[in-house]
Amino acid sequence: MNSSQSTTGSKKRKIKAESDTTVTNKNESSDSEDDIALSKRRKITPLKKEDVKKPLKKTTKVKKEEDEKPATKRKKAPTKVKEEKVSKRKKKVEEEVEVFRWWDNEKEDDSVKWTTLEHQGPYFPPEYVSHGIKMKYKGEPIDLVPECEEIANFFAQVIGTDWAENPTFRKNFFKDFQKVLKKKMPGCPIKKFEDCDFTPIAEYFAEQKEKRKAMTKEEKEVIKKEKQEIENKYGWALLDGRKEKVGNFRIEPPGLFRGRGEHPKTGTLKRRVYPENVTINIGENATVPPPPEGHKWGKIIHDNTVTWLAMWKENVNDSFKYVWLAAGSSLKGQSDFKKFEKARELKKHIDQIRAEYTLELKDKLMATRQRATALYFIDKLALRAGNEKGDDLADTVGCCSLRYEHVTLEPPNRVIFDFLGKDSIRYYNEVEVSKQVYKNIEIFKRPPKKEGDMLFDRLNTTILNKHLQKSMKGLTAKVFRTFNASYTFQEELKKTVKNSTINEKLLAYNRANRQVAILCNHQRSVSKNHSDQLKRIQDKILTSKYQRYLVSKEMLEIDPTLKKKKPEYGRLSRGITKEFIKNYEEKELEKKKAKLEKDNEKRKAEGKELLTLKDLEEKKRQPTLERLEKQYDTLSKRIKAQQLLLIDKDENKTTALGTSKINYIDPRISAAWCYKYNVPIEKIFNKSLRNKFKWAVEVDENFVF
DNA sequence: ACTGTAACTTAGAAACATTGGT
DNA sequence: ACCAATGTTTCTAAGTTACAGT
Numbered sequence: 006m007n008s009s010q011s012t013t014g015s016k017k018r019k020i021k022a023e024s025d026t027t028v029t030n031k032n033e034s035s036d037s038e039d040d041i042a043l044s045k046r047r048k049i050t051p052l053k054k055e056d057v058k059k060p061l062k063k064t065t066k067v068k069k070e071e072d073e074k075p076a077t078k079r080k081k082a083p084t085k086v087k088e089e090k091v092s093k094r095k096k097k098v099e100e101e102v103e104v105f106r107w108w109d110n111e112k113e114d115d116s117v118k119w120t121t122l123e124h125q126g127p128y129f130p131p132e133y134v135s136h137g138i139k140m141k142y143k144g145e146p147i148d149l150v151p152e153c154e155e156i157a158n159f160f161a162q163v164i165g166t167d168w169a170e171n172p173t174f175r176k177n178f179f180k181d182f183q184k185v186l187k188k189k190m191p192g193c194p195i196k197k198f199e200d201c202d203f204t205p206i207a208e209y210f211a212e213q214k215e216k217r218k219a220m221t222k223e224e225k226e227v228i229k230k231e232k233q234e235i236e237n238k239y240g241w242a243l244l245d246g247r248k249e250k251v252g253n254f255r256i257e258p259p260g261l262f263r264g265r266g267e268h269p270k271t272g273t274l275k276r277r278v279y280p281e282n283v284t285i286n287i288g289e290n291a292t293v294p295p296p297p298e299g300h301k302w303g304k305i306i307h308d309n310t311v312t313w314l315a316m317w318k319e320n321v322n323d324s325f326k327y328v329w330l331a332a333g334s335s336l337k338g339q340s341d342f343k344k345f346e347k348a349r350e351l352k353k354h355i356d357q358i359r360a361e362y363t364l365e366l367k368d369k370l371m372a373t374r375q376r377a378t379a380l381y382f383i384d385k386l387a388l389r390a391g392n393e394k395g396d397d398l399a400d401t402v403g404c405c406s407l408r409y410e411h412v413t414l415e416p417p418n419r420v421i422f423d424f425l426g427k428d429s430i431r432y433y434n435e436v437e438v439s440k441q442v443y444k445n446i447e448i449f450k451r452p453p454k455k456e457g458d459m460l461f462d463r464l465n466t467t468i469l470n471k472h473l474q475k476s477m478k479g480l481t482a483k484v485f486r487t488f489n490a491s492y493t494f495q496e497e498l499k500k501t502v503k504n505s506t507i508n509e510k511l512l513a514y515n516r517a518n519r520q521v522a523i524l525c526n527h528q529r530s531v532s533k534n535h536s537d538q539l540k541r542i543q544d545k546i547l548t549s550k551y552q553r554y555l556v557s558k559e560m561l562e563i564d565p566t567l568k569k570k571k572p573e574y575g576r577l578s579r580g581i582t583k584e585f586i587k588n589y590e591e592k593e594l595e596k597k598k599a600k601l602e603k604d605n606e607k608r609k610a611e612g613k614e615l616l617t618l619k620d621l622e623e624k625k626r627q628p629t630l631e632r633l634e635k636q637y638d639t640l641s642k643r644i645k646a647q648q649l650l651l652i653d654k655d656e657n658k659t660t661a662l663g664t665s666k667i668n669y670i671d672p673r674i675s676a677a678w679c680y681k682y683n684v685p686i687e688k689i690f691n692k693s694l695r696n697k698f699k700w701a702v703e704v705d706e707n708f709v710f
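Read in order, the letters of the first sequence are residues 6 to 710 in our numbering.
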């Protein structure tokens, strides 16, 4: 499924060798900016504990940010329907919205998450409506009852994608399809997947899609309005009397499970969820939302030690699904804040921890040695903890669950990691490690250990985390990822040049972001036309190279002795084929002709005589060596720039910056950077990130992670 | 220690919306 | 003005961790 993995995954990344085990105290270098005039500083309320003692006001009334849509969009409303809607929306925007400033007043104990809680329950997808389009079996149209037709639809929707070709997906789908057929349509002739033809349904869906695309503005408006109404109703909860946004209030619709990687259950039917399957969690005195007609809630509870509003059990993997508040809510914000504070606390202990595990790498107890080695990787490479998984899940690993075959040794001290991690994303990394670590891996891989065996057979995440708690309260393996990501980011940001332009600063910001994303191995699949884009740039590079070659040849014509000093002159680069040259010359000729025509038109108007290509050739003045050298130089520079762009583009195409920005990098680092370098926060945090991080943007420019 | 349950964060893909270059 | 590139939001899968029970 992850086609991107297998093909392009082998980018080599190197991390610095042993030198950085000698832990330098880079933490306290709080190079503050004393040289900024106070007037220039942004006035902000610093987030310091001493200042936190103003508990009088818990909430502040503020005007909600104006709707950021450009006004032009609104003016375009040609119909009455829209006019009306626009004015309504405006009114809503101008309403005063309460912002709960929980960060002014930290709570120590957060085991109780709320005292009152009201909400509308989850929103259920509409019941299935039959379309009556018949799939074919052995070429014959087949009548299906709605329950079966719906499942046939699920497969039809997948036709044309990789899923439809995936054998496991097909097998699991057909098994479940048959189960339902047998129950709902006894005696149904459908027996073999290969004889099924879902294309009539697929074609029907394609038509529907076209129709939807061709809808008029008015029709689209109506749909949008309906959607908005659902959001208005189900999208909000009242938590301790405050209006807070609900995240995923929609019950997941039925469909075929799309597991990632080689998931054994991919294609399995994910059944429709009914109110009877759902537990509602709500305040004791709150009105329980009415379940859809003719249904009852599975259970109603009033547990204020948890944050979910509704819960159900899903049938494919037997796991729970929850309805939670949105990322910008106070509950999520508070736990985010706690997460980063914990990571910052690790900073105080990290030297000690590193010293300890470095010692323990040589411990005579194998279990201790393994623990130390695993911790070394978690710390240095930001690997995930790596819980053991059942064989009804995709075979992926993290640090503790690494197996023999995932790690190879290359003398004298290189370790090569190659395994599938979370979401079956490939982790490939060549790392130089300390002699001791290298030796340890050698020992852990010693026969009779073989492929399929655990590398750390005396270790699991529970043992590791238990041990970590001894160094710091609440410390677990995942804190290292947060810590190292945020810390790396802060260090990388120091490369920002003070007096550069905003764009250059943003480039520095994104570079730092990318370093973190690379550290955490955050990848994204390469877009379909990515190779086209690269080819275009590569073509430009080749063109420049060929031009440079032509220039160098001219130089050699003037002074053949140059060849001795500059052997690269007159040498064609690899990749420049005869075809390429032919192509290039043709294009050049075209260009010349076009230009000539244009010039001649002008000349005609001015009454001058017309020119031919030959005339141009003769008119060209003889270049000097000096001039040619300059040209050669310019071209070389251009080639370099283009090659950089190529690398940049390629790396960005496979690296996803969002995940680290959202989950790993302490937003206060970003905010402080903005203030320090005078970059508007909107340039780095979009609307939803500003909302998610509203607790963080109030730091001052001297914030140090 | 081992297993299963529960609750939460983290993750990439896909759908959808906006922007900006020709 | 069009449409491809890019950015944002939604969706839900896949992790981590704590903890209860055995």
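Check the hints yourself; a few may be wrong.
No farther apart than 27 Å at their CA atoms in a straight line, the calculated lysine-lysine pairs in the BS3-like style are these [what the hints assert, rightly or not]: (1) Lys352 - Lys112; (2) Lys545 - Lys347; (3) Lys337 - Lys304; (4) Lys454 - Lys545; (5) Lys454 - Lys444; (6) Lys597 - Lys540; (7) Lys238 - Lys699; (8) Lys427 - Lys184; (9) Lys118 - Lys385; (10) Lys367 - Lys180; (11) Lys645 - Lys635; (12) Lys250 - Lys499; (13) Lys645 - Lys658; (14) Lys326 - Lys343; (15) Lys196 - Lys139; (16) Lys624 - Lys603; (17) Lys499 - Lys385; (18) Lys624 - Lys597; (19) Lys609 - Lys598; (20) Lys143 - Lys112; (21) Lys692 - Lys654; (22) Lys478 - Lys558; (23) Lys454 - Lys367; (24) Lys699 - Lys688; (25) Lys688 - Lys343; (26) Lys558 - Lys603; (27) Lys385 - Lys318; (28) Lys587 - Lys545.
These aren't lab readings, by the way, just hints derived from the structure by calculation. Remember, predicted model here, so these are calculated numbers, not experimental data.
Status of the hints after comparison with the structure:
The hinted pair formed by lysine 352 and lysine 112 meets the criterion: a straight-line CA distance of about 22 Å does not exceed 27 Å. Of the pairs offered as hints, the one joining lysine 545 and lysine 347 is violated, with about 49 Å between alpha carbons and a cut-off of 27 Å exceeded. At roughly 25 Å between alpha-carbon atoms, lysine 337 and lysine 304 fall within 27 Å of each other, so this suggested pair holds. Of the pairs offered as hints, the one joining lysine 454 and lysine 545 is violated, with about 52 Å between alpha carbons and a cut-off of 27 Å exceeded.
Only pairs whose Cα atoms come within 27 Å are accepted, and lysine 454 paired with lysine 444 is accepted, the gap being roughly 15 Å. This hinted pair checks out: lysine 597 and lysine 540 have alpha carbons roughly 25 Å apart, not beyond 27 Å. The suggested pairing of lysine 238 with lysine 699 holds, with an alpha-carbon distance near 25 Å, which does not exceed 27 Å. Taking the CA atoms of lysine 427 and lysine 184, the gap is about 32 Å. The hint is violated against a cut of 27 Å.
Taking the CA atoms of lysine 118 and lysine 385, the gap is near 35 Å; set against the 27 Å cutoff, the hint is violated. Annotation: proposed proximity of lysine 367 to lysine 180 is violated, straight-line Cα distance about 53 Å (limit 27 Å). For the hint linking lysine 645 to lysine 635, the alpha-carbon distance of about 15 Å falls within 27 Å, and the restraint holds. Only pairs whose Cα atoms come within 27 Å are accepted, and lysine 250 paired with lysine 499 is rejected, the gap being roughly 36 Å.
A hinted pair counts as satisfied when its Cα atoms are at most 27 Å apart, and lysine 645 with lysine 658 qualifies at roughly 20 Å. As the CA atoms of lysine 326 and lysine 343 are separated by approximately 24 Å, the hinted pair is consistent with the 27 Å bound. A hinted pair counts as satisfied when its Cα atoms are at most 27 Å apart, and lysine 196 with lysine 139 qualifies at roughly 17 Å. Between the alpha carbons of lysine 624 and lysine 603 the distance comes to roughly 17 Å, so the proposed pair stays at or under 27 Å and holds.
Restraint check for lysine 499 and lysine 385: the C-alpha separation of about 20 Å stays at or below 27 Å, so the hint holds. Only pairs whose Cα atoms come within 27 Å are accepted, and lysine 624 paired with lysine 597 is accepted, the gap being roughly 14 Å. Of the supplied pair hints, the one linking lysine 609 and lysine 598 holds, its CA atoms being roughly 16 Å apart against a limit of 27 Å. For the proposed pair lysine 143 and lysine 112, the alpha carbon gap of about 67 Å is over 27 Å, so the pair is violated.
Distance check on the hinted pair: lysine 692 and lysine 654 sit about 26 Å apart at the alpha-carbon level, within 27 Å; holds. Of the pairs offered as hints, the one joining lysine 478 and lysine 558 is violated, with about 70 Å between alpha carbons and a cut-off of 27 Å exceeded. Note on lysine 454 and lysine 367: the hinted pairing holds, with a Cα-Cα distance of about 21 Å set against a maximum of 27 Å. Between the alpha carbons of lysine 699 and lysine 688 the distance comes to roughly 15 Å, so the proposed pair stays at or under 27 Å and holds.
Using a Cα cut-off of 27 Å, the hinted pair lysine 688 and lysine 343 holds, with the two alpha carbons roughly 26 Å apart. Proposed proximity of lysine 558 and lysine 603 is contradicted: the alpha carbons are some 30 Å apart, above 27 Å. Restraint check: the Cα-Cα separation between lysine 385 and lysine 318 comes to about 38 Å, which exceeds 27 Å; the hinted pair is violated. Only pairs whose Cα atoms come within 27 Å are accepted, and lysine 587 paired with lysine 545 is accepted, the gap being roughly 15 Å.
Checked against the numbered hints above, the structure violates hints 2, 4, 8, 9, 10, 12, 20, 22, 26, 27; every other hint is satisfied.
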